[in-house]
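Engineer: Residue-level listing of the chains:
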Amino acid sequence: MTPKILVIDDDNALREMVGIVLSSAGFTPAYCPDGDQALEKFKQFEPDLVLLDVMLPGKDGIAVCREIRNISGTPIIMLTAKTETTDVVLGLEAGADDYIVKPFEPSVLTARIKARLRPMTSLEDTVTVGPLTLDVVGHQVLKNGSPISLTPLEFNLLLTLAQKPKQVFTREMLLEKVWGYHYKADTRLVNVHVQRLRSKIEEDPDNPKIVTTVRGIGYRAG
Amino acid sequence: MLKLLRRSVQARAVATTVALSGVLIAALGGFLSFSIGNGLFEARLSQILAESEAAVIDVQNTFAASSVNDEVALQTLLNSVVPKLEATGVADTRRVALLRSPGQAGIQLLQSPISSGLDTQVIGQSFREEVRNSAGRVLYQSIQLSFAESGITRLSPGIVVGSPVEIPLAGKYELYLVFDLSSAQQTLDFVQQTLLIGGLVLIFIIGGVSYLVTSWLVRPVKIAAEVSEEIADGALEVRLLEKGEDVIAVLARSFNKMADSLQRQITKLASVSKMQQRFVSDVSHELRTPLTTIKLAGDLLFEARDTLDPTLRRSAELLHGQIVRFEVLLNDLLEISRYDAGAVRAELEIHDLNQVVGNAIASIDPLAKNRGSQVEVVAPGGEILAEFDARRIERLLRNLLANAIEHGEGKPIRVEVGENAHAVAVNVSDRGIGMTKAQLERVFDRFWRADPARKRTSGGTGLGLAISLEDTMLHGGTLDVWAAPDAGATFRLTLPKVQGSEITESPLALPNSEELGDKA
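Sequence lines, in order, name chains A and H.
Counting in the numbering used here, the first sequence runs without a single skipped number right up to 222 at its last residue.
Counting in the numbering used here, the second sequence runs without a single skipped number right up to 1520 at its last residue.
Since the hints were derived computationally from the structure, they do not count as laboratory data.
Bear in mind that the values here come from a model prediction, so they are computed numbers and not experimental data.
Take these hints with a grain of salt, some might be off.
Claimed, not checked - When the alpha-carbon atoms are kept at most 30 Å apart in a straight line, the in silico BS3-like pairs for lysine-lysine are as follows:
id	chain 1	residue 1	chain 2	residue 2
1	A	Lys184	H	Lys1497
2	A	Lys209	A	Lys164
3	A	Lys209	A	Lys143
4	A	Lys200	A	Lys59
5	H	Lys1369	A	Lys184
6	A	Lys200	A	Lys4
7	A	Lys59	H	Lys1274
8	A	Lys41	A	Lys4
9	A	Lys143	A	Lys164
Same shape as in the complex, but just chain H:
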């Protein structure tokens, strides 16, 4: 429930509306119930007082007009007062008591007549005192009546009205009329019940109405959210319906304007990217055709170099070597621009990493022999299977090996292969001149060389590590490097076993994590 309130604006709005209107309806209901109750009581009270005054006068007159002089006749007259008053009232629930005031001289010989079912306890002593001192006025007091009805005690509000009455021969008496207000209470109960039911129904209706109104208001927002999702998923042409002049129409128009602008930008970017790819492709063709002619001519000259005089022969050799270098450079440039254009797609298949490492070492073998570097391999037995583009990963490893040999100063090169549950890794380490921290930071930069003064013996293009880094990122892997001056360098390639999975930990460690130049 709380979750729903937190998640849904509509649920919040409905809940707030219902809560607020509930409080207001309760307050209104309370006020109505109170004033209706009050009104009922006042109306009944004034009626009761009028009746009582009439009754008192009637009783006074009865006694004044009588001419009884013996006790028996007086008792009979006294006894006749009660049923007479009981019958005179409008309400059928009037009870009467004619009580002799205490503290009078002489003993009471006459019986005080009291209606049946009236417990004189309900008439408090203090009220009786007030009545005695009222100097003939009619007084009233609200009381609680209790009736025993078939074993159940029923309580109901009542009013007792009292007045002193002077009875000839008998002295001071007090006449009490007790009125039962239960019929008025029943009316009030019914009104309150009606108010309660009405209030509940009203709250329910308000909840429903506010739900309808808010859903009508929230609907365009919901639709806008759905359309946003669709646009985010690539359906750039989806738009909201613009209808009317209200704030929702303004929202729709602004939203559509934003979507139009986004679509234009994206289309523009896409066309720029297409142009870039097209350009790369064109450059490729335009440069490669003359290069082919140069290469064919250079090779013919190179093959016939023995028939040329020494100057021309050396020229043919230099030409041949530089054409090879030019070609490698051109290939690297095209590769990196393909990456820049986002035109690279990995050809992913399951391969044995051990085998790819073996192929890379075999292909670099002539260079290693030439430089006197031994390549040591530490690899777990069996197949190390992972999903990758074998051509790119072999090229990457070849590049790492060539770098290690070039900077390894003839010392042994160590290649380590490892795997864990989610990833595979290859470490390529040399124990050569290494790199400083500043050099380490630039190692993946394009056309950057660790030592510009060094001879470019292996004919590297300066793009090798930049491409290696791109290849690694293409696979969702990491390429880390550790290096220290005169201690050598270690490059670690880590690839996920299954494309798209996250690498949490590389299966292999680097020599010293403090000197880590983390990339990709």
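Isolated chain A (complex conformation):
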């Protein structure tokens, strides 16, 4: 069974072209041309990953992203023509896992999709950090016995940090291990997702105890 990708983009030619690239890379694409139908299409198609254009007729990409995040942790990659700080950060804060700036190459598109679909491996079956227990096989996090719902990306981020407690990870290290970037990438990806993760696992996200910031270097768990 090939991974299903939902392409939400209003540009017919681009949608079809992305479909061709995805099909030839071994994915099963489905399409949605506007923001208003996106959620319905998402529920119906149940994709493994969503490619979402930021500028859409009807609801914009940011709003669609937020809607999908409300009901699912499915990886979302934003397609953006903008690299302006606010647009990218808005998309990430709305729950997008990653973003690709137009115009992009076919190889970049497939590499980013594969990086998001690849499950994270671990030597242990369960990892504990503070009050949290990570069930690696079941992709579940229990806090004091009750489950917390994390997106796969958030789970991977937490697992990466928790596997080596006390070790400080730089943002670049996290970009490589969690996002699969092997060259310099946008460190805001890390900042925004650490914030999202903290808001789910910490008692007081402004005063984190589990994932702490090491000023000038990066983050560590425990």
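Keeping the supplied structure of chain A fixed, place chain H upon it in accordance with the hints.
Structural biologist: Just chain H now, with coordinates in the frame of chain A:
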């Protein structure tokens, strides 16, 4: 004090008012004091003369009516004249002398009676002569009296009145009455003192009043100045209070009108700038979406080029190359329009310049190898820390390196890094074809190329140096260039170590300052 006068209109106005009114009050006071003194003297004088005439007549009558004929009786009569005259006067300070005129036949047997405390020296000889020749008229003269009072000599103005008197048996005598005017002088002193104190108080009051009046006048100007400052600081909606119909209200209205107009212009400009940014953003999206499709399609064709026949394969290769070029051009265009719209913000952080230079050289390495250019680096050891946007500075250096390689004709490229107390600098030099002075002047122009006939081998957009210059200005740095035909070119980037500080001197020198094309 002088500084205050120079700085404050109000202080100047008050000082001028006080000075002018001081002069006027002094003149007025002087005049008043003089005429009061004069008046007092005249009044006293006429009284004195009247008294004196009465006294003279009285004395004449006394002698005429007497019928003394022996010297002792005459002496007694003479002696009685003085106390009588001393007592008759209104003023208690009248002194009397009855002196015998000199130059008469016969010896003087009788004593001349003189009031005690009267020094006959005060009666001048010339005055006595005038009196003798006055033919019976009463004459007067102003004199200075001096009294010794408990060891202190007191001077006071006085008047001596004299008249000849004929005394039977004794011959010609002169009767002198000496009047002390010190009481009139005291009155005058008191008036003068009062005038002086009054004048000083008046000047003080005038100073205070003019201070109040000027501050009332200056206040609206001060408020206008404060409001101007606020507007200059960006509070465009601040206005002056318009009240009344006077000149100050006119000032306020004109000022507010000006502020309204400025605010409209600025708001308009801001909205134009916003529209421009919006346009850039829209163009970005609109162009990038079709370009993405083209790029994806082109790449699929390019990757499958080996399965195509030679004509189609070459077409796919050309398509691929030009799509890359198109993308670079689009990015450069968008970057420069972002600068034009003022929408660029530097992401400033402390970075090691050596490392950024290293990254730029590494990324340009394939091009250098391709063109056979060696890149030599001369840099001080350790970290060279400065505050800058690493992405932009690396791009800038990459661009300078690419230009050097493109125009360096395979000769070595030299990169030099330097620092001083306030600035850091990078020189990128090639020893290639160089540029003429005319070319040098246009080197930072958009879409300008040193040699239009040259092949566009490195696919530059012609915007590279224009963007580099913008990047440099964004950092408050300088980008200088030296070049000479067939001697190569050197570009020097100088950046302040701390943003906002002034660069006085670049840490690195250019080959020859005379051929300098200074920019930014």
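Engineer: Please flag the earlier hints that this structure goes against, numbers listed from lowest up.
Structural biologist: none
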